[in-house]
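Residue numbers (our numbering), protein chains in the order written: chain A, 1 to 305; chain B, 1 to 534.
Hints are computed from structural coordinates only; laboratory data are not their basis. Treat the hints loosely; a few may be bogus.
[Unchecked claim] If you want the ones that stay clear, here's a sample from chain B, every Cβ over 10 Å from chain A, calculated:
{"no.": "1", "residue": "A129"}
{"no.": "2", "residue": "T164"}
{"no.": "3", "residue": "N244"}
[Said to hold, decoys possible] Computed far set for chain A versus chain B, every beta-carbon distance over 12 Å:
{"no.": "4", "residue": "P77"}
{"no.": "5", "residue": "G130"}
{"no.": "6", "residue": "I151"}
{"no.": "7", "residue": "E249"}
{"no.": "8", "residue": "I254"}
{"no.": "9", "residue": "N288"}
{"no.": "10", "residue": "P300"}
[What the hints assert, rightly or not] What follows is a set of in silico ranges between Cβ atoms, one per label pair, in the way DEER data are often shown:
{"no.": "11", "chain 1": "A", "residue 1": "P31", "chain 2": "B", "residue 2": "D194", "range": "27 to 33 Å"}
{"no.": "12", "chain 1": "A", "residue 1": "A91", "chain 2": "B", "residue 2": "I105", "range": "31 to 37 Å"}
{"no.": "13", "chain 1": "B", "residue 1": "V423", "chain 2": "A", "residue 2": "N129", "range": "26 to 32 Å"}
{"no.": "14", "chain 1": "A", "residue 1": "V15", "chain 2": "B", "residue 2": "T45", "range": "29 to 35 Å"}
{"no.": "15", "chain 1": "A", "residue 1": "L246", "chain 2": "B", "residue 2": "I105", "range": "52 to 58 Å"}
{"no.": "16", "chain 1": "A", "residue 1": "P229", "chain 2": "B", "residue 2": "T384", "range": "35 to 41 Å"}
{"no.": "17", "chain 1": "A", "residue 1": "I22", "chain 2": "B", "residue 2": "G368", "range": "50 to 56 Å"}
{"no.": "18", "chain 1": "B", "residue 1": "E123", "chain 2": "A", "residue 2": "P31", "range": "41 to 47 Å"}
{"no.": "19", "chain 1": "A", "residue 1": "F73", "chain 2": "B", "residue 2": "T384", "range": "31 to 37 Å"}
{"no.": "20", "chain 1": "A", "residue 1": "L282", "chain 2": "B", "residue 2": "L69", "range": "53 to 59 Å"}
{"no.": "21", "chain 1": "B", "residue 1": "E123", "chain 2": "A", "residue 2": "N288", "range": "42 to 48 Å"}
{"no.": "22", "chain 1": "B", "residue 1": "T43", "chain 2": "A", "residue 2": "N129", "range": "37 to 43 Å"}
If you're wondering where the values come from, they're calculated on a predicted model, not measured in any experiment. Virtual Cβ for every residue (Gly too), placed ideally from N, Cα, C.
The primary structure of each chain is shown beneath.
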Amino acid sequence: MFSFIVRRILWTIPVILIVSSITFLLMHSVPGSPFTRERALPAAIQKNLEAKYHLNDPLWKQYIDYMYGFVRFDFGPSIAYRSRTVNDILAQQWPVTATLGGVAFLFAVCIGIPLGVLSAVKQNTLIDNGSMVAAMLGVSVPAIALGPFLIWIFALKLKWFPVATWGSPAHIVLPALTLSTAYLSRFARITRASMLQVVREEYILAARAKGLREVVVNLRHAFRNALIPVTTIAGPAFADIVTGSLVVEQIFAIPGIGKYYVQSIGNRDYPVIMATTLLFALIIVVMNLLVDISYAMLDPRIRYS
Amino acid sequence: MKRLWLLALAVALVAGVCAVGQAKTLYWNLATEPPSLDPSLATDTTSHQVLKQLFVSLCQFDDATMDVLPDLAKTWEFDATTNTWTFHLRNDVFWTDRNWTLSGIPVTAEDVEFGIKRLLAPETASEYAYVMYLIKGAEAYNTGAGTADDVGVNAIDKYTVAITLNFPAGYFPGMAALWLCAPLPKVAIEKYGDKWTEAQNIVTNGPYVLGDWVHEDHLILKKNVAYYDRDNVKIDEVYCYMVNEQSTAMAMYEAGKLDVNDNPPLEDMDRIKTDPVLSKELAQAPRLCTYRYGLNSSKPPLDNINVRKALASSLDRQSLIDNVLKGNQLPAQTWTCPGMFGYVDGVALGIGYPFDPEQARKYLADAGYPGGAGFPEVTIMVNTSQGHQKIAEFVAKGWQDVLGIKVNITNQEWGVYLNTCSVDAPQVFRMGWCADYPDGNNFMNDVFHSGSGNNYEKYNNPAYDALVEKAAVSTDPAERRDLYKQAEILICETDVAFIPIYFYTYNQLTKPYVVRTFASIGGQTWKDWDILDH
Numbered sequence: 001m002f003s004f005i006v007r008r009i010l011w012t013i014p015v016i017l018i019v020s021s022i023t024f025l026l027m028h029s030v031p032g033s034p035f036t037r038e039r040a041l042p043a044a045i046q047k048n049l050e051a052k053y054h055l056n057d058p059l060w061k062q063y064i065d066y067m068y069g070f071v072r073f074d075f076g077p078s079i080a081y082r083s084r085t086v087n088d089i090l091a092q093q094w095p096v097t098a099t100l101g102g103v104a105f106l107f108a109v110c111i112g113i114p115l116g117v118l119s120a121v122k123q124n125t126l127i128d129n130g131s132m133v134a135a136m137l138g139v140s141v142p143a144i145a146l147g148p149f150l151i152w153i154f155a156l157k158l159k160w161f162p163v164a165t166w167g168s169p170a171h172i173v174l175p176a177l178t179l180s181t182a183y184l185s186r187f188a189r190i191t192r193a194s195m196l197q198v199v200r201e202e203y204i205l206a207a208r209a210k211g212l213r214e215v216v217v218n219l220r221h222a223f224r225n226a227l228i229p230v231t232t233i234a235g236p237a238f239a240d241i242v243t244g245s246l247v248v249e250q251i252f253a254i255p256g257i258g259k260y261y262v263q264s265i266g267n268r269d270y271p272v273i274m275a276t277t278l279l280f281a282l283i284i285v286v287m288n289l290l291v292d293i294s295y296a297m298l299d300p301r302i303r304y305s
Numbered sequence: 001m002k003r004l005w006l007l008a009l010a011v012a013l014v015a016g017v018c019a020v021g022q023a024k025t026l027y028w029n030l031a032t033e034p035p036s037l038d039p040s041l042a043t044d045t046t047s048h049q050v051l052k053q054l055f056v057s058l059c060q061f062d063d064a065t066m067d068v069l070p071d072l073a074k075t076w077e078f079d080a081t082t083n084t085w086t087f088h089l090r091n092d093v094f095w096t097d098r099n100w101t102l103s104g105i106p107v108t109a110e111d112v113e114f115g116i117k118r119l120l121a122p123e124t125a126s127e128y129a130y131v132m133y134l135i136k137g138a139e140a141y142n143t144g145a146g147t148a149d150d151v152g153v154n155a156i157d158k159y160t161v162a163i164t165l166n167f168p169a170g171y172f173p174g175m176a177a178l179w180l181c182a183p184l185p186k187v188a189i190e191k192y193g194d195k196w197t198e199a200q201n202i203v204t205n206g207p208y209v210l211g212d213w214v215h216e217d218h219l220i221l222k223k224n225v226a227y228y229d230r231d232n233v234k235i236d237e238v239y240c241y242m243v244n245e246q247s248t249a250m251a252m253y254e255a256g257k258l259d260v261n262d263n264p265p266l267e268d269m270d271r272i273k274t275d276p277v278l279s280k281e282l283a284q285a286p287r288l289c290t291y292r293y294g295l296n297s298s299k300p301p302l303d304n305i306n307v308r309k310a311l312a313s314s315l316d317r318q319s320l321i322d323n324v325l326k327g328n329q330l331p332a333q334t335w336t337c338p339g340m341f342g343y344v345d346g347v348a349l350g351i352g353y354p355f356d357p358e359q360a361r362k363y364l365a366d367a368g369y370p371g372g373a374g375f376p377e378v379t380i381m382v383n384t385s386q387g388h389q390k391i392a393e394f395v396a397k398g399w400q401d402v403l404g405i406k407v408n409i410t411n412q413e414w415g416v417y418l419n420t421c422s423v424d425a426p427q428v429f430r431m432g433w434c435a436d437y438p439d440g441n442n443f444m445n446d447v448f449h450s451g452s453g454n455n456y457e458k459y460n461n462p463a464y465d466a467l468v469e470k471a472a473v474s475t476d477p478a479e480r481r482d483l484y485k486q487a488e489i490l491i492c493e494t495d496v497a498f499i500p501i502y503f504y505t506y507n508q509l510t511k512p513y514v515v516r517t518f519a520s521i522g523g524q525t526w527k528d529w530d531i532l533d534h
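Based on the sequences and whatever the hints tell you, model everything.
Now the structure itself:
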């Protein structure tokens, strides 16, 4: 197990190198530059700007300089936010997004999975049908509709929560709920499907034959194995959720990093594009590693060497 | 000395708060994080909104009349023999930080000289440095061909600064009102480098100081008790949110969390106009911007002048405004917008092409396409945005209905779009332009001169260039007005280089207890506002 983990961690290096090279090449091959303006800049001004950000160097040198900075955790300046570095942006904006995402992920797991188990255990009852219809709605209604709807009910009408912005635990509830709904529904549906499949396995039959109580059969034997497919999607879902949802952050005016993912591309803010993409890649890699490790813990038949 | 100064400030603060009883706070939405609070680097309206409160410039604009008024400079005069403007500065403007720890350091002519020269230094890499190329030696210094010493900005004595230009630009005092001519705090900039604009580092001199700046979240301005006109500044604190989503800002306004909503959502406009409360809080004010459809006259069939005339006369601007834009914008038949020096009322004077379907069909027939027969497809390209798409759909439908021609609409992402427009502009493409300074030169010369980088239409008429060049150097206002009028006729009517569509407006919702002014250029002037008991 230990050598497996070490090997996987070492594999991260080529993955990050490949992702960074592709991102670097793609962003430089898209037409337009950080200094493309409707109000066209004179050539002399462009030249000063390119010199300042070393964009007049050959591409290979820019790449090497970037990677040299990257290994020293220096992600360079933001070109669109001229008084801030990418390190500033990551340090100030990512914790906000990670907090929001973490809470949303907890909502999704703590509500979605029990809901799926309940549906499976009570298959084809009112509870099952009701929760699956709710889950279907949760997947289908986009955040851009759900967010304003929740604001209208819980902030404007009932006044239970603030309309928007950030700062106290109360500010987290509505955006976390909005962000979690799609994942919550997906967890519920997959848990249900997986449970229904597992309960038909022979070892469950054996457990029942031993005379174990239904609760013990379901929770100790069926549920544990049913979690494997859920864990598989939980990894990428977590990465998705903690790297920010532009839409939810925008609706609730949350000072997170979500907008930088999208805006940096429009702005051709090269250092920010690189950093946000690599952050996303890194979290995906780490989450996949954790998923693989948890497989072994959940299912005794899975072993790594 | 330092203690005395602090004591005086403390007394002033206590007295101020006691007199009012309760501190007055304005809740405002900046909509986004200001990209930079460095006057040499800021290029956007959000940053300007904040900068206007933090720094004084040599001059300022009157919000209502757009007249140039004194600010840091009490008076100024022009010497035609040397093309030099001399500004005489106040001696009661002081630098301050948010903790009032600076002991009354005055703002001097040297700070102005430092500010302008820093803007022009190539290593500053300021995007707007070129706006000041009219200063002698500025372009050479900015492009690395000259030195700072050769730039025509000189502190004559502690409170007098002389600025020598390449030509006698009569509009220069208006440019001196820009943030680009703001005096800058050399010590703080050298001490903190790029981080000098953070709340804990910044040193300013305007009506407000930067109390706090939590990036992407909020920014707080506090009244500057050392400001020279502090007695007339009534609002003690401005709390700026950064809510980008229009519907959320609208919800916050209705929930009483915002005192002003300066950009209500288009979808809510019908409701706002009919709501008994909101309709009274809505005000529409002109904004110094013009929206246009650029025409690529080198691409057939637009190389035919009659085709361009037909397109211009079959665009129903008023209907577009009433049914699509809904913001009481003004239909435009000319380029320079109202409120600018050199504006020509094209609609009243009959310059340009009003909506006239009959005449439009006649132009198309003259071009050789009667009833649109045999007319090749025309493409309108816009940058990807729901708003621009809606406008394009309206225009395309109008052209199809009136002229019987087929119109395609395509869109591209902003950066790609600008690249396309400058390399190989499509037949019809949308562009907008907003004033940097309220003079026709900024619209006529800076955009459509044949040498301008903003001239996406690649319009090139030596007669037009001659008119706007002459207007740029003339010091006779009447002659300049006349030159701009001739230039408008040439570009909008004779040559139809593009189709002006509308002049922008602001839609602003303001709570009844806010006493305010409406600025159409460079951000709102909060020092002139007040908040009544409510």
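Evaluation of the provided hints:
no.: 1; hint: A129; verdict: violated (6 Å)
no.: 2; hint: T164; verdict: holds (21 Å)
no.: 3; hint: N244; verdict: violated (6 Å)
no.: 4; hint: P77; verdict: violated (8 Å)
no.: 5; hint: G130; verdict: holds (31 Å)
no.: 6; hint: I151; verdict: violated (6 Å)
no.: 7; hint: E249; verdict: violated (9 Å)
no.: 8; hint: I254; verdict: violated (8 Å)
no.: 9; hint: N288; verdict: holds (30 Å)
no.: 10; hint: P300; verdict: holds (47 Å)
no.: 11; hint: A:P31 <-> B:D194: 27 to 33 Å; verdict: holds (29 Å)
no.: 12; hint: A:A91 <-> B:I105: 31 to 37 Å; verdict: holds (33 Å)
no.: 13; hint: B:V423 <-> A:N129: 26 to 32 Å; verdict: violated (58 Å)
no.: 14; hint: A:V15 <-> B:T45: 29 to 35 Å; verdict: violated (42 Å)
no.: 15; hint: A:L246 <-> B:I105: 52 to 58 Å; verdict: violated (44 Å)
no.: 16; hint: A:P229 <-> B:T384: 35 to 41 Å; verdict: holds (38 Å)
no.: 17; hint: A:I22 <-> B:G368: 50 to 56 Å; verdict: holds (52 Å)
no.: 18; hint: B:E123 <-> A:P31: 41 to 47 Å; verdict: violated (28 Å)
no.: 19; hint: A:F73 <-> B:T384: 31 to 37 Å; verdict: holds (35 Å)
no.: 20; hint: A:L282 <-> B:L69: 53 to 59 Å; verdict: holds (55 Å)
no.: 21; hint: B:E123 <-> A:N288: 42 to 48 Å; verdict: holds (45 Å)
no.: 22; hint: B:T43 <-> A:N129: 37 to 43 Å; verdict: violated (57 Å)
Violated hints for the displayed structure, listed by number in ascending order: 1, 3, 4, 6, 7, 8, 13, 14, 15, 18 and 22.
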